[in-house]
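Please build the complete structure, drawing on both the sequences and the hints.
For reference, the chains in residue letters:
Number of protein chains: 2
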Amino acid sequence: MAPKTAISPTRAVDYPEWYQQVIRAADLAENSPVRGCMVIKPWGYQLWENVQRALDDMFKATGHQNAYFPLFIPMSYLEKEAEHVEGFAKECAVVTHHRLEPDPEGGLRPAGKLEEPLIVRPTSETIIGATYAKWVQSYRDLPILVNQWANVVRWEMRTRMFLRTAEFLWQEGHTVHATAEEAIAETEQMVDVYRDFAQDWMAMPVIVGSKTPKERFPGAVETLSIEAMMQDRKALQAGTSHFLGQNFAKAQEIKFQSETGGIEYAWTTSWGVSTRLIGALIMTHSDDDGLVLPPRLAPSHVVIQPIYKDDSRAEVMEYVNSLRDEIAAQTFNGAPIRVIIDDRDIRGGEKKWYHVKRGVPIRLEIGPKDIAKNSVFCGIRNQPKSFGISREELVQTISTKLDTLQNELFAAALKLREDNTVSIKSEAEFRDFFATKDEDGIHGGFANCYFADEDALDPLLKELKVTIRCVPREGNDEPGTCFFTGKPAEKIGVFAKAY
Amino acid sequence: MAPKTAISPTRAVDYPEWYQQVIRAADLAENSPVRGCMVIKPWGYQLWENVQRALDDMFKATGHQNAYFPLFIPMSYLEKEAEHVEGFAKECAVVTHHRLEPDPEGGLRPAGKLEEPLIVRPTSETIIGATYAKWVQSYRDLPILVNQWANVVRWEMRTRMFLRTAEFLWQEGHTVHATAEEAIAETEQMVDVYRDFAQDWMAMPVIVGSKTPKERFPGAVETLSIEAMMQDRKALQAGTSHFLGQNFAKAQEIKFQSETGGIEYAWTTSWGVSTRLIGALIMTHSDDDGLVLPPRLAPSHVVIQPIYKDDSRAEVMEYVNSLRDEIAAQTFNGAPIRVIIDDRDIRGGEKKWYHVKRGVPIRLEIGPKDIAKNSVFCGIRNQPKSFGISREELVQTISTKLDTLQNELFAAALKLREDNTVSIKSEAEFRDFFATKDEDGIHGGFANCYFADEDALDPLLKELKVTIRCVPREGNDEPGTCFFTGKPAEKIGVFAKAY
Numbered sequence: 001m002a003p004k005t006a007i008s009p010t011r012a013v014d015y016p017e018w019y020q021q022v023i024r025a026a027d028l029a030e031n032s033p034v035r036g037c038m039v040i041k042p043w044g045y046q047l048w049e050n051v052q053r054a055l056d057d058m059f060k061a062t063g064h065q066n067a068y069f070p071l072f073i074p075m076s077y078l079e080k081e082a083e084h085v086e087g088f089a090k091e092c093a094v095v096t097h098h099r100l101e102p103d104p105e106g107g108l109r110p111a112g113k114l115e116e117p118l119i120v121r122p123t124s125e126t127i128i129g130a131t132y133a134k135w136v137q138s139y140r141d142l143p144i145l146v147n148q149w150a151n152v153v154r155w156e157m158r159t160r161m162f163l164r165t166a167e168f169l170w171q172e173g174h175t176v177h178a179t180a181e182e183a184i185a186e187t188e189q190m191v192d193v194y195r196d197f198a199q200d201w202m203a204m205p206v207i208v209g210s211k212t213p214k215e216r217f218p219g220a221v222e223t224l225s226i227e228a229m230m231q232d233r234k235a236l237q238a239g240t241s242h243f244l245g246q247n248f249a250k251a252q253e254i255k256f257q258s259e260t261g262g263i264e265y266a267w268t269t270s271w272g273v274s275t276r277l278i279g280a281l282i283m284t285h286s287d288d289d290g291l292v293l294p295p296r297l298a299p300s301h302v303v304i305q306p307i308y309k310d311d312s313r314a315e316v317m318e319y320v321n322s323l324r325d326e327i328a329a330q331t332f333n334g335a336p337i338r339v340i341i342d343d344r345d346i347r348g349g350e351k352k353w354y355h356v357k358r359g360v361p362i363r364l365e366i367g368p369k370d371i372a373k374n375s376v377f378c379g380i381r382n383q384p385k386s387f388g389i390s391r392e393e394l395v396q397t398i399s400t401k402l403d404t405l406q407n408e409l410f411a412a413a414l415k416l417r418e419d420n421t422v423s424i425k426s427e428a429e430f431r432d433f434f435a436t437k438d439e440d441g442i443h444g445g446f447a448n449c450y451f452a453d454e455d456a457l458d459p460l461l462k463e464l465k466v467t468i469r470c471v472p473r474e475g476n477d478e479p480g481t482c483f484f485t486g487k488p489a490e491k492i493g494v495f496a497k498a499y
Numbered sequence: 001m002a003p004k005t006a007i008s009p010t011r012a013v014d015y016p017e018w019y020q021q022v023i024r025a026a027d028l029a030e031n032s033p034v035r036g037c038m039v040i041k042p043w044g045y046q047l048w049e050n051v052q053r054a055l056d057d058m059f060k061a062t063g064h065q066n067a068y069f070p071l072f073i074p075m076s077y078l079e080k081e082a083e084h085v086e087g088f089a090k091e092c093a094v095v096t097h098h099r100l101e102p103d104p105e106g107g108l109r110p111a112g113k114l115e116e117p118l119i120v121r122p123t124s125e126t127i128i129g130a131t132y133a134k135w136v137q138s139y140r141d142l143p144i145l146v147n148q149w150a151n152v153v154r155w156e157m158r159t160r161m162f163l164r165t166a167e168f169l170w171q172e173g174h175t176v177h178a179t180a181e182e183a184i185a186e187t188e189q190m191v192d193v194y195r196d197f198a199q200d201w202m203a204m205p206v207i208v209g210s211k212t213p214k215e216r217f218p219g220a221v222e223t224l225s226i227e228a229m230m231q232d233r234k235a236l237q238a239g240t241s242h243f244l245g246q247n248f249a250k251a252q253e254i255k256f257q258s259e260t261g262g263i264e265y266a267w268t269t270s271w272g273v274s275t276r277l278i279g280a281l282i283m284t285h286s287d288d289d290g291l292v293l294p295p296r297l298a299p300s301h302v303v304i305q306p307i308y309k310d311d312s313r314a315e316v317m318e319y320v321n322s323l324r325d326e327i328a329a330q331t332f333n334g335a336p337i338r339v340i341i342d343d344r345d346i347r348g349g350e351k352k353w354y355h356v357k358r359g360v361p362i363r364l365e366i367g368p369k370d371i372a373k374n375s376v377f378c379g380i381r382n383q384p385k386s387f388g389i390s391r392e393e394l395v396q397t398i399s400t401k402l403d404t405l406q407n408e409l410f411a412a413a414l415k416l417r418e419d420n421t422v423s424i425k426s427e428a429e430f431r432d433f434f435a436t437k438d439e440d441g442i443h444g445g446f447a448n449c450y451f452a453d454e455d456a457l458d459p460l461l462k463e464l465k466v467t468i469r470c471v472p473r474e475g476n477d478e479p480g481t482c483f484f485t486g487k488p489a490e491k492i493g494v495f496a497k498a499y
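Protein chains in written order, with our numbering: chain W, 1 to 499; chain Z, 1 to 499.
Only pairs whose alpha carbons sit at most 30 Å apart, straight line, appear in this in silico DSS-like list of lysine-lysine:
1) Lys351/W x Lys134/Z
2) Lys352/W x Lys60/Z
3) Lys90/W x Lys234/W
4) Lys255/Z x Lys351/W
5) Lys60/W x Lys351/Z
6) Lys134/Z x Lys60/Z
7) Lys357/W x Lys401/W
8) Lys60/W x Lys401/Z
Don't read these hints as lab results, they were simulated from the structure.
Pasting the structure below:
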């Protein structure tokens with residue numbers, strides 16, 4: 001018989017439903033009454049705040065500043081860049097009226113029709129570009145290195161919490177440069193920031209590469225992305241950085257006088273990550289007992305559960321408070337360890353599973369017997385068994401324990417990816433890898449394949465529901481032979497089913 | 001002849017236009033191509049980030065957590081609370097379609113009509129209340145103490161940057177309690193947080209009081225506010241905290257099982273401040289040379305301007321870098337002093353005025369002659385003259401200098417309010433106070449008046465364009481006589497023209 005798990009169904013039984021149940025059990029978010037929009041609950045939002053803080057520091061350390069641009073984009077602005085409007089017009093929220101009036105048939109109805117409809121921003125290249133056109137006059141005004149933290153709306157028909165919602169939170173960097181070289185360097189720098197954040201903070205290994213033309217951001221010359229493998233071996237695109245060339249500069253007239261006096265179009269970039277990262281984090285580390293948090297991003301690193309009866313309460317709470325203070329005086333990742341006490345009046349088992357499901361990295365139980373031995377009972381989120389440990393040793397090693405957990409999560413995710421990545425040289429192998437499912441209903445994983453012609457592959461990829469995730473930047477210097485056409489091929493692509 | 005000023009017109013000549021010019025000169029924000037929406041530029045946004053950080057810490061210290069709720073509100077939700085919809089239906093952005101399609105006459109047109117229109121949130125009581133109704137089942141689920149940082153939209157017809165814009169950034173706290181007493185205590189606590197923030201961080205003295213029934217938030221039982229006097233002696237409402245009674249709980253069915261087993265409606269509050277605070281800050285402290293920043297909120301506390309020729313550059317920059325490090329090692333307000341070096345290749349005078357207009361609290365100029373004397377030339381933003389000071393004394397006193405500036409700004413603003421606040425006992429005095437303008441075209445200021453009947457005052461107040469800002473909480477215990485009707489009156493109101 002399978003062991004009892006806190007989350008039902010398990011990953012093996014129904015991965016998509018397991019994902020929803022982890023979100024519910026960890027109290028991260030819920031569906032809202034508004035179609036496709038979610039409510040991010042306090043535990044989930046604290047996680048997002050930690051993501052924001054770490055990324056924002058990295059953006060500022062690389063010379064960027066934050067600003068804020070309008071929520072609305074005039075419809076005519078979207079039309080200016082042909083590929084861009086093609087990419088976003090099909091799914092956007094359109095504001096057409098500016099008030100409500102009583103409806104003669106009861107209730108209210110829209111009134112005050114706008115002369116020009118406004119689009120709720122799906123991304124802000126057009127409105128920010130129009131502003132930059134005013135800011136940029138001379139080469140002395142460049143570069144512009146600005147980021148915005150904002151909400152955006154894309155009218156997705158099939159939504160899934162964190163991964164794909166009609167409204168989501170994100171950051172979008174938008175930069176302007178005097179030369180193509182500088183803009184390309186910025187695009188590379190920011191995808192590296194995303195890689196470092198994913199690997200160092202989220203404990204999520206990623207592949208950095210460039211998108212093929214069909215998979216690029218609408219209007220971009222080059223799109224770089226970070227791609228991660230989830231536990232069902234599907235890929236998730238976790239962040240993108242776009243070299244926009246002069247496409248948006250020409251559409252929006254971002255021009256400047258160069259050092260030599262001529263008038264030139266500028267070169268722009270944009271780059272973004274979103275609350276989708278939370279979905280990626282959940283699917284990378286969580287298990288059949290709920291959320292598993294990488295300690296660097298955990299809202300609380302340690303929870304202490306005092307165990308007492310009425311007559312031992314004072315003694316236990318005094319001990320627990322002093323331990324809390326001692327732990328909070330330790331540092332992890334350059335800041336004090338975040339420790340909370342949960343002394344709610346609920347059953348011990350219920351309390352334990354509450355914190356296990358929410359992914360708190362270290363859980364301590366302390367009752368009168370532990371105090372008598374000056375020890376605590378310690379559970380670490382990725383270890384099956386709790387263990388007793390002396391108070392002194394716990395305090396001395398707690399920061400290391402958090403580091404170890406962070407590193408073990410990364411190592412486990414990397415091992416999963418490596419164990420499920422193959423090099424494929426023929427169509428037959430390729431079909432077998434993606435069409436065959438194992439006993440858990442999971443297909444192969446990532447396939448590294450030389451390919452010559454994206455268009456020629458289209459029918460095969462559509463049939464198998466596979467996409468080219470990226471052409472990896474690393475280890476891709478030798479030419480080879482296309483697995484499908486047998487023609488010479490310059491580059492390897494990472495092929496996978498994807499979110 | 002009047003002295004030359006960096007801002008034209010001066011406050012005395014045209015206060016509203018001076019305000020716009022300060023925003024432009026300090027590079028805080030600009031109007032966007034979207035009607036009524038502004039772009040918050042990096043210097044303005046850093047200021048807002050500092051406001052957010054300080055307030056967020058205060059919210060968390062009082063037990064609140066952040067969450068995030070949908071941007072959109074179904075039209076039917078707004079209709080549930082009658083006063084609320086009355087207050088917001090006249091100016092809201094209405095989403096009616098979810099895609100764009102080619103228009104046969106050229107360009108695009110809205111398509112995909114929604115079954116129910118969605119309102120871009122003007123405030124979130126209704127959508128958050130609908131969510132809370134699901135969260136609250138038992139008294140054990142209470143209180144709920146949640147805040148949201150978000151953008152909101154109110155379709156204002158007459159907009160002014162920061163003070164009144166169609167889209168603005170704010171925070172909105174929404175709490176649920178088991179008893180009226182608890183909810184009232186929360187409402188009071190949060191207006192006190194706003195008062196402390198305004199006074200301690202913004203150096204802006206405020207009056208705490210309750211709004212009269214006509215001035216309350218639509219749907220509230222009681223609205224508390226903080227009110228500040230701007231330099232043109234008009235009042236500005238800088239923050240509000242609402243006791244909503246059971247009005248929204250009944251409209252949205254927020255019910256709970258009490259300790260004794262009965263089902264009761266909950267008691268709710270909401271409270272908010274917005275980017276309007278930036279407008280209040282500008283109008284409280286700035287002068288005819290531009291923005292004046294209270295040091296606690298200044299993005300940079302100190303700017304160092306190195307002065308050199310080609311042959312002295314290395315020496316000056318070495319000195320300046322070491323001074324920067326020495327200043328950054330000092331603390332102000334519990335954190336390292338924020339110091340920047342401006343070594344752009346522009347004229348010294350232009351550079352000086354750049355930072356004066358942006359309100360940097362302390363400006364240091366350092367050239368070879370200063371270095372020879374081991375001294376610097378120091379300008380403090382509220383002092384007319386710069387002065388020489390030894391490096392050692394500067395470093396030792398720089399934190400105190402920032403503190404002194406913070407305190408002097410508060411004292412000056414308090415003095416302005418006290419000098420322009422009168423007690424008025426008759427209609428004639430009242431008319432004279434508000435109808436007579438001084439040589440700068442400014443009316444009297446704040447009038448403290450006993451009043452018996454808000455409705456009876458309506459024609460007089462409309463005629464003079466005066467409003468009752470609040471019934472102050474402090475010093476309002478003795479009854480008196482209504483200045484207008486001569487009837488007995490319980491309370492003093494603060495009467496003023498207002499933003």
